[in-house]
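Student: Sequence:
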Amino acid sequence: MKRLIKPLHVVVLALAMSLPAMANDAPLPGDSVYQVQAHAVDQQGRPLEWNALRGRPTIVSMFYANCHLMCPLIIASGKALQTRLEPTQRDALHFAVISIDPARDTPAALQEVAQAHRLDADHWRLLRPDDADVRTLAAALNIRYRAQPDGTFNHTSVLILLDRDGRIVARSEVTGLQPDARFVATVRKHLSGATAAAR
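Sequential numbering from 1 applies to the sequence shown in full-length UniProt numbering.
Among the hints, erroneous ones may be present.
[Said to hold, decoys possible] Just the calculated beta-carbon pair ranges, DEER-fashion:
no., residue 1, residue 2, range
1, Arg135, Thr106, 15 to 21 Å
2, Ala76, Arg188, 16 to 22 Å
3, Gln178, Asp131, 31 to 37 Å
4, Glu112, Leu177, 19 to 25 Å
5, Gln115, Arg182, 27 to 33 Å
6, Ala76, Val36, 25 to 31 Å
7, Gly176, Gly30, 33 to 39 Å
8, Ala147, Ala26, 21 to 27 Å
These aren't lab readings, by the way, just hints derived from the structure by calculation. Ideal Cβ placement from N, Cα and C applies to all residues, glycine included.
Modelling step: build the complete structure from the supplied sequences, incorporating the hints.
Tutor: As structure tokens, this is what we get:
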């Protein structure tokens with residue numbers, strides 16, 4: 001009987017495809033924000049569990065679509081961060097911006113924000129969590145917010161770098177269109193290390 005031997009490149013490809021799944025099946029670190037159980041939908045109406053973001057370095061923040069001051073700066077600062085990265089680093093980094101106003105931030109409203117800011121859907125996800133999960137996520141990320149009588153929110157404006165397992169690597173207060181230089185350097189260093197480890 002003939003033995004069927006698979007070409008080497010087929011075996012390597014199969015192993016490579018199985019590695020992320022195996023890694024994502026490993027227990028989460030105790031300090032991972034992905035320990036939090038939360039459900040959301042993105043700007044395209046696709047449902048996802050919060051811990052499904054595991055597996056890639058991610059910049060997270062919280063905002064609301066009807067904000068016309070700090071929230072656009074959060075997005076602009078994230079986009080400016082992207083422009084300061086090498087192409088391979090830029091491709092490796094993802095963004096998840098979570099609504100603190102799920103009653104109004106429908107997928108359609110989030111999609112309008114994504115289109116207005118020309119956000120790349122392959123790297124940017126605007127998330128509408130379930131009502132009950134907003135405070136849980138805010139607490140996990142140490143983001144404070146408070147609804148105001150006029151329908152606006154006071155909230156922490158920050159970019160937070162998570163590693164692939166959801167551990168907080170660094171955070172930077174958003175104060176303008178450009179991210180803090182030290183935060184940019186930390187993101188670059190982390191992405192360089194993550195890219196090297198994946199090879």
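Student: Which of the numbered hints above does this structure break?
Tutor: Checked against the structure, the only hint that fails is number 8, while the rest are satisfied.
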